[in-house]
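**Q** Working from the sequences, and respecting the hints, build out all of it.
Protein chains: 2
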Amino acid sequence: MKKINSSLAQSLLAGDRIALAKAITLVESASPRHHREAQKIIDEILPYTGKSIRVGVTGVPGAGKSTFIEALGNFLISKKKRKVAVLAIDPTSTVSKGSILGDKTRMESLARNENAFIRPSPSAGVPGGVAAATRESILLCEAAGYDVIFVETMGVGQSETAVHSMVDFLLLLLLPGAGDELQGMKRGIVELADLLAVNKADGGNLQKVKLAQAAYKQALRLFPPNENGWKPDVVTCSALTGDGIPQIWKRIEDFEKLTKANRWFHVKRQEQSRQWLRERVLETVIKQLRENPKLKKKFTELERQVENGKMSVISATRALVMSFTE
Amino acid sequence: MKKINSSLAQSLLAGDRIALAKAITLVESASPRHHREAQKIIDEILPYTGKSIRVGVTGVPGAGKSTFIEALGNFLISKKKRKVAVLAIDPTSTVSKGSILGDKTRMESLARNENAFIRPSPSAGVPGGVAAATRESILLCEAAGYDVIFVETMGVGQSETAVHSMVDFLLLLLLPGAGDELQGMKRGIVELADLLAVNKADGGNLQKVKLAQAAYKQALRLFPPNENGWKPDVVTCSALTGDGIPQIWKRIEDFEKLTKANRWFHVKRQEQSRQWLRERVLETVIKQLRENPKLKKKFTELERQVENGKMSVISATRALVMSFTE
Numbered sequence: 001m002k003k004i005n006s007s008l009a010q011s012l013l014a015g016d017r018i019a020l021a022k023a024i025t026l027v028e029s030a031s032p033r034h035h036r037e038a039q040k041i042i043d044e045i046l047p048y049t050g051k052s053i054r055v056g057v058t059g060v061p062g063a064g065k066s067t068f069i070e071a072l073g074n075f076l077i078s079k080k081k082r083k084v085a086v087l088a089i090d091p092t093s094t095v096s097k098g099s100i101l102g103d104k105t106r107m108e109s110l111a112r113n114e115n116a117f118i119r120p121s122p123s124a125g126v127p128g129g130v131a132a133a134t135r136e137s138i139l140l141c142e143a144a145g146y147d148v149i150f151v152e153t154m155g156v157g158q159s160e161t162a163v164h165s166m167v168d169f170l171l172l173l174l175l176p177g178a179g180d181e182l183q184g185m186k187r188g189i190v191e192l193a194d195l196l197a198v199n200k201a202d203g204g205n206l207q208k209v210k211l212a213q214a215a216y217k218q219a220l221r222l223f224p225p226n227e228n229g230w231k232p233d234v235v236t237c238s239a240l241t242g243d244g245i246p247q248i249w250k251r252i253e254d255f256e257k258l259t260k261a262n263r264w265f266h267v268k269r270q271e272q273s274r275q276w277l278r279e280r281v282l283e284t285v286i287k288q289l290r291e292n293p294k295l296k297k298k299f300t301e302l303e304r305q306v307e308n309g310k311m312s313v314i315s316a317t318r319a320l321v322m323s324f325t326e
Numbered sequence: 001m002k003k004i005n006s007s008l009a010q011s012l013l014a015g016d017r018i019a020l021a022k023a024i025t026l027v028e029s030a031s032p033r034h035h036r037e038a039q040k041i042i043d044e045i046l047p048y049t050g051k052s053i054r055v056g057v058t059g060v061p062g063a064g065k066s067t068f069i070e071a072l073g074n075f076l077i078s079k080k081k082r083k084v085a086v087l088a089i090d091p092t093s094t095v096s097k098g099s100i101l102g103d104k105t106r107m108e109s110l111a112r113n114e115n116a117f118i119r120p121s122p123s124a125g126v127p128g129g130v131a132a133a134t135r136e137s138i139l140l141c142e143a144a145g146y147d148v149i150f151v152e153t154m155g156v157g158q159s160e161t162a163v164h165s166m167v168d169f170l171l172l173l174l175l176p177g178a179g180d181e182l183q184g185m186k187r188g189i190v191e192l193a194d195l196l197a198v199n200k201a202d203g204g205n206l207q208k209v210k211l212a213q214a215a216y217k218q219a220l221r222l223f224p225p226n227e228n229g230w231k232p233d234v235v236t237c238s239a240l241t242g243d244g245i246p247q248i249w250k251r252i253e254d255f256e257k258l259t260k261a262n263r264w265f266h267v268k269r270q271e272q273s274r275q276w277l278r279e280r281v282l283e284t285v286i287k288q289l290r291e292n293p294k295l296k297k298k299f300t301e302l303e304r305q306v307e308n309g310k311m312s313v314i315s316a317t318r319a320l321v322m323s324f325t326e
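Chains H and Y supply the protein sequences, listed in that same order.
The first sequence runs 1 to 326 under the working numbering.
The second sequence runs 1 to 326 under the working numbering.
What the hints contain is simulated information worked out from the structure, not anything from laboratory work.
Not one of these hints is a red herring.
Any copy, or any two copies together, can satisfy a pair, since identical chains are not distinguished.
Pairs of lysine-lysine, DSS-like flavour, derived with a Cα cap of 30 Å:
{"hint": "1", "residue 1": "Lys-287", "residue 2": "Lys-298"}
{"hint": "2", "residue 1": "Lys-310", "residue 2": "Lys-287"}
{"hint": "3", "residue 1": "Lys-298", "residue 2": "Lys-40"}
{"hint": "4", "residue 1": "Lys-80", "residue 2": "Lys-268"}
{"hint": "5", "residue 1": "Lys-80", "residue 2": "Lys-260"}
{"hint": "6", "residue 1": "Lys-217", "residue 2": "Lys-231"}
{"hint": "7", "residue 1": "Lys-297", "residue 2": "Lys-40"}
**A** In structure tokens:
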């Protein structure tokens, strides 16, 4: 094994939560010096990553995502001896009524547990974007020994595509509202989900929950099947009472078993890495274009001309790449 | 107006079908000289593009896409005085049982009409990819005066994402099989569609078609609504008898009216151009990396290291961009 030089990386690998929190702060920092430091740490801890199951949890505000993750997280720690990390992508924190996890007290009991690590979503302004920071935070959590990573997202804007590109399993949490509750979510989200769970199956809701489950089950039959052989299904749960929570975990375990056996688990992670590399190269190139004062003007101008149909994409690309390589 | 220098561009703008066919051949050619020629033509004709409605038609093999386009195309020419072009993306021609439009005779009556232009899908090996060639072919058809452009795709692999990124309206053609017929299509396609049409509503099929329509209608209710205010619906048709064909065109007209009024039509086209520019810049950069013998080795090596979790994406990007800008 390579020697670990950074003391922060050493502490992180030993499972030190403060070191983990510090490393994530470096990843999210807008300072180029912090960012370089973060990259050194990631390079060092990389051999110790990848061993967790990465679970995305999405759904509209009010679907009970935080309560659900808290219930499932507590179950995993107490019954399954797992270590649970929770990260959030919230690109809408400036427009929505509040950040998903802006307030740690929303997962009070889980946050108090020493086998849990909860990280509120970063605000905007992270270099490379919030999604890139979350991807790197996943690696840091894995190196610190967390073997179940939840990525919570509101599923609006681009965040559901982003979360799909960084998790192994995507859970869509629904309210018993037969579709109306998906208002504001991005189209395509239902078909991206590996499991749908109608939450709030408690109190006087049971009848409505069963109806919603049946309707969604019926709808899923009309979707093209997954390449990986997994059949998404619709279950019900109550994050409040805990009903259905162990069964949901069983589904995630089944998924992991199936896709590891048929290699899709591995194939998907490789594809995610390749995709991420391409995105980063593009972002870096575009960033360099934008930061060079001479090129910046040119890029903005070309972009506008293309948008307005005044210049073809090919010509603009040629002009851009020529300025760039000059 | 700018003077048109190329005689091919002049003939094309005059509506000459042979010139149009030649220009598309240049766009699809693997020869760099042809490709440069094509780009000159596109730059010249660009001011005369964008005036058509671009309609994607997708569905599994056997759904009747060709027969459907032929029926709708003949209707548009005879009843609506439109000029109709048909292009195809078929990235699977090597693996599937045959090219979608490999054989023009599949749209015999439409192909004979002087107000129709039908172009079989290019085989692989087009620089910039088949999707890029199709995007440029759309522009060429528009410049030649075609005001309804159909893009036919099998909706497998990446082609349905590609077609969605180049059309205004996406139609999903279904068989009355309640979901089983979507086998092999990419998940997400149902939610990307602006209209679902259950085809083959003729003969003894009527009952099955009605059942499929009802099931899909029910399922659509469970999807998040479109940002553009359009409500996708499920209709029935028979490409064979022509039943339902005028009604489908009415839906497309309604869509155009609505999204032009609320500006989403324009917004989507701008977004498509921006996205396309970014993709092309990335492709060009990656192509240059791959073509430079020194960089090629490095890129392949880094890509493998990232895929296998031996190197972080950020470090690989930094290494790549450094070699590139050196």
